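S.K.: Line by line, the protein sequences give chains A and B.
The first sequence runs 126 to 584 under my numbering.
The second sequence runs 15 to 311 under my numbering.
Hints listed in this document are in silico derivations from the structure and should not be mistaken for laboratory results.
Bear in mind that the values here come from a model prediction, so they are computed numbers and not experimental data.
Some hints could be false.
Claimed, not checked - Label-pair distances were calculated between CB atoms; the ranges are:
| no. | chain 1 | residue 1 | chain 2 | residue 2 | range |
| --- | --- | --- | --- | --- | --- |
| 1 | A | Ala-150 | B | His-209 | 31 to 37 Å |
| 2 | A | Arg-471 | B | Glu-202 | 49 to 55 Å |
| 3 | B | Glu-206 | A | Arg-451 | 35 to 41 Å |
Stated by the list, open to error - Result set (EDC-like, lysine to aspartate or glutamate): computed pairs, CA atoms no more than 20 Å apart in a straight line:
| no. | chain 1 | residue 1 | chain 2 | residue 2 |
| --- | --- | --- | --- | --- |
| 4 | A | Lys-175 | B | Asp-110 |
| 5 | A | Lys-459 | A | Glu-422 |
| 6 | A | Lys-459 | A | Glu-420 |
| 7 | A | Lys-175 | A | Asp-220 |
| 8 | A | Lys-314 | A | Asp-263 |
| 9 | A | Lys-175 | B | Asp-216 |
| 10 | A | Lys-314 | A | Asp-300 |
| 11 | A | Lys-175 | B | Glu-288 |
| 12 | A | Lys-459 | B | Glu-208 |
| 13 | A | Lys-459 | A | Asp-501 |
| 14 | A | Lys-175 | B | Asp-109 |
| 15 | B | Lys-235 | A | Asp-220 |
| 16 | A | Lys-527 | A | Glu-499 |
| 17 | A | Lys-314 | A | Glu-260 |
| 18 | A | Lys-527 | A | Glu-420 |
| 19 | B | Lys-235 | B | Glu-288 |
| 20 | A | Lys-175 | A | Asp-140 |
| 21 | A | Lys-527 | A | Asp-435 |
Unchecked claim - Just so you have them, the derived chain A footprint on chain B, three or more residues with Cβ under 8 Å:
| no. | stretch |
| --- | --- |
| 22 | 176-187 |
| 23 | 247-254 |
Think of the CB as a built atom: it goes at the ideal place given N, C-alpha and C, for glycine as much as any other residue.
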Amino acid sequence: MTRPMSCTARTDDRDWLIEADEPLAGLQRRSGGDLPGLITAPALLELVRKSRLYGLRLARTFRAQDDHEQVTAWAEVEPGANGGCTLALSNWQTDPLPELDGADDDERRTAIARHLAELSARLGPNQELLSVDSEAADLADALARMQAGLGLPWTQFVELEGNVHEQPLHWRLLDGARLRLEGSERHWKANLVPLGVPNAGSAGFELYLVADEAVAKPQSVAEPDRPVISTAIGREIAPVLRQPIARIIANAETIRTQLAGPLADEYSDYAADISSAGEHLLALIDDLTDLEVVEDEHFTTAPDRIDLADVARRAAGILGVRAQERGIRLDAPKAGESAPAIAEFRRVLQVMLNLVGNAIRYSPQGSIVWLRVEQDGDRARLVVADQGEGLSEEQQTRIFGKFERLGRSGDGGSGLGLYISRRLAQAMDGELSVESAPGQGARFILELPSFEDRRSEPR
Amino acid sequence: MNEPPTEPQAHDAAQSLPQDQGDPAIAAAAPVLRHLLVNDDRPLFSDEIVSRVRSMIAHVAAQLLFAQAEAAGVADSAAHIDTHQDELAAALCADDALLLHVHARAVEGQVTEQLQRRSGIDPVLTPLVHDFVASEDAETASRAMSLLAAQTRFIQHYRRMELPLRELPGELFHTALLVFRSYGEADENSDEVEHRLRQGYDEATGRLALLTRLAMAAEGKSALRVDHAGVALFVSALAQAVDQPRDLTVLALTEGELPRLVARLRAAGLSPDELQAQLLHLHPDGEFLQPAEHSSR
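Bound conformation, chain B alone (with noise of 0.2 Å):
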């Protein structure tokens, strides 16, 4: 009845637009492209740091499509999983949580490898794990291996570009699980195939969930140097201590981040000295050690 005069009007502002603007994404194309050449060096949204992120999201996309070519009882699961993985992975990356928890995962493992480099800081077996594993605690002892292995793998997947779905938080376990589902027609299988991965999370044995409980353990402020604790408990335990997002501690590390880092350290307590010494492992080229720029921010 009242058919929306769409075309008409499409046509005259088609028109009255001047000729470089007339296809959206080429209109869309310059501020894009601009952003990428201005954040080139900005650490959070370097080329690299973006391909992790691609490829850790393929990743997430490829183990739920295996899951489900394999209850299918597909033959070429490589094949079922190339069909669908980009598509899945873009629907994947719609989720502003899982993408800022993927983020936070490689920004992590790029400033393991820096510290690696620069201060010698092992990305496994630091001085506080060593500590862990020599517990008299057996409890603590064991956990502590737990995280070494624990660890271990995260860096080998980093190095991958690689996510185990199991690693993921519940929250964005469940997300993911959900974006796999309305994505995916339902077949009889499906619930199945979701009904199973879900009995095989378990938070618990998580790296993250190891973090957190030996960052529990340690005593004091131990675990609040980067250069004693490593990256992944320091991170842990100044989330912890904060009460603040993992995640968003992670993206704190990353240079033009620096006011929130040295708010959050104060927030947990160190003393100004102690502040200095992290920054000198985390940012030994910052603008920090001038006392003007400091107090200016």
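So here's chain A without its partners, still in its complex pose (with noise of 0.2 Å):
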């Protein structure tokens, strides 16, 4: 019974199965999977997936069991650089299913087939139909002929399969059956399961119709769905982009800054022009990651106590530098100024930073921005506010969207900004909002609740 044999396979990021050789394929075909298809026998399904998830390349010996008998064989799998992996499968053993003890094993099917049953009848001494049920849509017809006829021989409903010469046949003959059922296309099996001591049968039996096929479902065609973004970018393309394209900026400045000599002015401009599209590329992923990190359900930020006017007095001694490069003057919370909040700092200041520095990009030259904390009760606010051209109605509704630029472009924005320190003010309970109107600036409103607000309302 052992035929060694050797054979190769291809997964994909799935764990599917996408190419596979004899015996590999028969075996998944066996166990009821389709080829390509996610792999049937679990330890290979668990050695492929520890493979790929880890980078590894594994070798182990893997068991299966289809109907039949049981499949021993040596896998080696290799993580490959499309995501799936490739399998070489050798000293492929297959033995005969251990015997079972006989009794165990008519228990057994009998359960399976009362398990999977979709028609069942009991029946009397002489198979003649006693009561029948049936949930299955394709057998309402015969289910309906087979109540209107009880008493009578089941084995006139069916169609048996093969020569059947007198009817009833004896039971022994008749368990396990194949037959057809007028109005359903599908093979079914009869299991007889005698009852009554001594003289089995003697009590009458119960009768079980299981099909070979599930009934069809219009959507089986499809491949199941596949996530139409991978979620991986922060945990596993930013940490190896960001490298790179440090090392691209850095290169940059150094030709920019001519350190290695003398260059031609317009040289000196192309190296900032890369510099700064690399600045924006990193920007870009640090955007892409905090999406990743707000739009997973599990976010949450730790509720610290922290004063809103100290982080806006941060934000603006960290943003100084670039509002004094555009001569715009930041007005921040004075000294003494304090408005208790809970919120997770960094994420207040991320907030903060993000909305101080679209304040500047956006503002005219010469121009205040105003940074304002404010208490009510058991909510604290931090408004900054401009003077730049300010936002219609439709622009404040849509300014808040994905990827919204409001049109513009080619200023280094990823129109994740706004999205993303929003969803961070709503996972810290709090919120982020717009007043403004054309001609009269904008003002940005960060409210977080306060001290009390969390001891006195239940979450």
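Relying on the hints, combine the two individually framed chains into one complex.
M.R.: Below, the structure written as structure tokens:
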């Protein structure tokens, strides 16, 4: 019974078997799998999954069994570049399944039949129908006929495959018989469980009809959904991208500042372009990483006690130089002011840097950006007001959308900043809103729970 | 707002406790010491095994740190290893599966040495390996040669109390890298180091893989005779025959675990006579020779 064989196979990033030689292909099909389709042998699936996730070449024996034999094989799995794996199987050995104890085996088969049956009936000692029940849609007609014909042998309502001379046959011959039912496209198998002691069948039978195929599902042809966007940007791609981009920027800066010797100004300007494009790319990666974080349903923030005035002053300090370059004055809260709030310091600062950064970017030269804190009962507010062009009603509704640029381009924004900021605010039980009118500047308001809020309001 | 009133409570507790239990470290000393004293003669936790386990884990830590130092271009890698080795080793010890594997490795080496002394079973070149080397199947023959080399290295590493990273099973290799990642502050090199280590790993060339494959190729029960196959192949074949992890099967070879070993050998299909013959090698002075004792188990 042992036929040493070897074969190769390929899987993809969902652990689907894409290509497989015999005998693996045969095992896959006999175990009810498709090709291509998810690996059916549990041990092999586990091995492939580990290899793919760990990025390690693994080699193990694996065991599997189908309906009539047990398989042992040596599997070597190598993760590939495309997210899938290549498999090399050798020493493929098959052995017949171990003999089961006769009684146990019968019991098990009966249990399976009871579980899977789509039509069940109780028969009398002469195999006449006593009662019958089914919920399968394609058996509705047959069920109606049977229910109308209670008392008749059940074999009259089915079409037995193969040569059948006289009816009803002895139950042992009918147990396991293949048959067709009018109105159903499917192939059926009969299971008869005799009742009564000492003579099996003296008290009648249980009849179970089990179909070979499941009811065809209309959507079964389509492949299962795959996530449209991979959620691996922050975790896997970002760290890999950052390093080369940082190198590009550093080298471009070296060229721009002509550290290695004088250059024509044009080249130095090109280098400046490369460097700023690199900076943009880095910022975009940061935004995409943040986007992934805030969109994760498990995203939470730490409920620290912070002072919004302090956050505003720090944001003004961080962005002070950039504001100066554009001739803009940042008017931060005075040293004595404070507005206690419950939120994660880092995240509030991130929102502030985004709001103030936007204000600096879109305000006219020589204008002022005000940072104000307010406390109103159980809510604390931080307001960033600028003297820019302002926003129309319609723009105000759109501005917090994902990738929303309000028609701007080429200024280094990703259109994610405000979207992320609002998600952050909401994750901290707060809200980020805007008040504005065209020509009158804009006021972005970050509202967060104040100290008393969380204590009085159960969450 | 609601400062947990920890301080006063702790204070009260300390006052209400007898003086000798005030310090948790000292309070815990007695049970630990008692355990060590009582289990002194238990081969599973003998001083030798404990120090071997400690050294092997330290060696795993050292290899990870060396790879890091190399990638970062640290001039004095020995100093780098010295600084971090103990802490990283402690972190590695926290993983049960890794600890179990290292423990099993130490026990396997010890049993191999014992059997060489007692029954003259060669740690490397056993009759079964000999047969494999002379096999007509070129693949089996070359695999047996690889095993010879791998097993020689294993003994060498055992004596030096070392554990090369690439000899770890895939999961544990992965675990070690995860522990390493969470331990070290991630610098720009760490991803690269990890990537390189993963790239270099190939479970199929490891000793355990070779043992499993040859155990599969062994005819009949020939690998289930420790005197014929040697400890390493014997354990692999036994683990495979009863579908149990190899590490646990190794631990079943120790003295206190005799019932487990007997159960495994029986489950693998050995007759009582064949079983007795194996136990004569593994536990020459075991109580199993007395039938009454045996049946009472």
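S.K.: Work down the list of hints and note, for each, if the structure agrees.
M.R.: Taking the hints in turn, this is what the structure says about them:
no.	hint	in the structure
1	A:Ala-150 to B:His-209: 31 to 37 Å	holds (33 Å)
2	A:Arg-471 to B:Glu-202: 49 to 55 Å	violated (22 Å)
3	B:Glu-206 to A:Arg-451: 35 to 41 Å	holds (39 Å)
4	A:Lys-175 to B:Asp-110	holds (19 Å)
5	A:Lys-459 to A:Glu-422	violated (38 Å)
6	A:Lys-459 to A:Glu-420	violated (35 Å)
7	A:Lys-175 to A:Asp-220	violated (27 Å)
8	A:Lys-314 to A:Asp-263	holds (15 Å)
9	A:Lys-175 to B:Asp-216	holds (13 Å)
10	A:Lys-314 to A:Asp-300	holds (8 Å)
11	A:Lys-175 to B:Glu-288	violated (38 Å)
12	A:Lys-459 to B:Glu-208	violated (49 Å)
13	A:Lys-459 to A:Asp-501	holds (19 Å)
14	A:Lys-175 to B:Asp-109	holds (18 Å)
15	B:Lys-235 to A:Asp-220	holds (16 Å)
16	A:Lys-527 to A:Glu-499	violated (28 Å)
17	A:Lys-314 to A:Glu-260	holds (17 Å)
18	A:Lys-527 to A:Glu-420	holds (11 Å)
19	B:Lys-235 to B:Glu-288	holds (10 Å)
20	A:Lys-175 to A:Asp-140	holds (10 Å)
21	A:Lys-527 to A:Asp-435	violated (29 Å)
22	176-187	holds (count 3)
23	247-254	violated (count 1)
This entry does not satisfy hints 2, 5, 6, 7, 11, 12, 16, 21, 23, going by the numbered hints stated previously.
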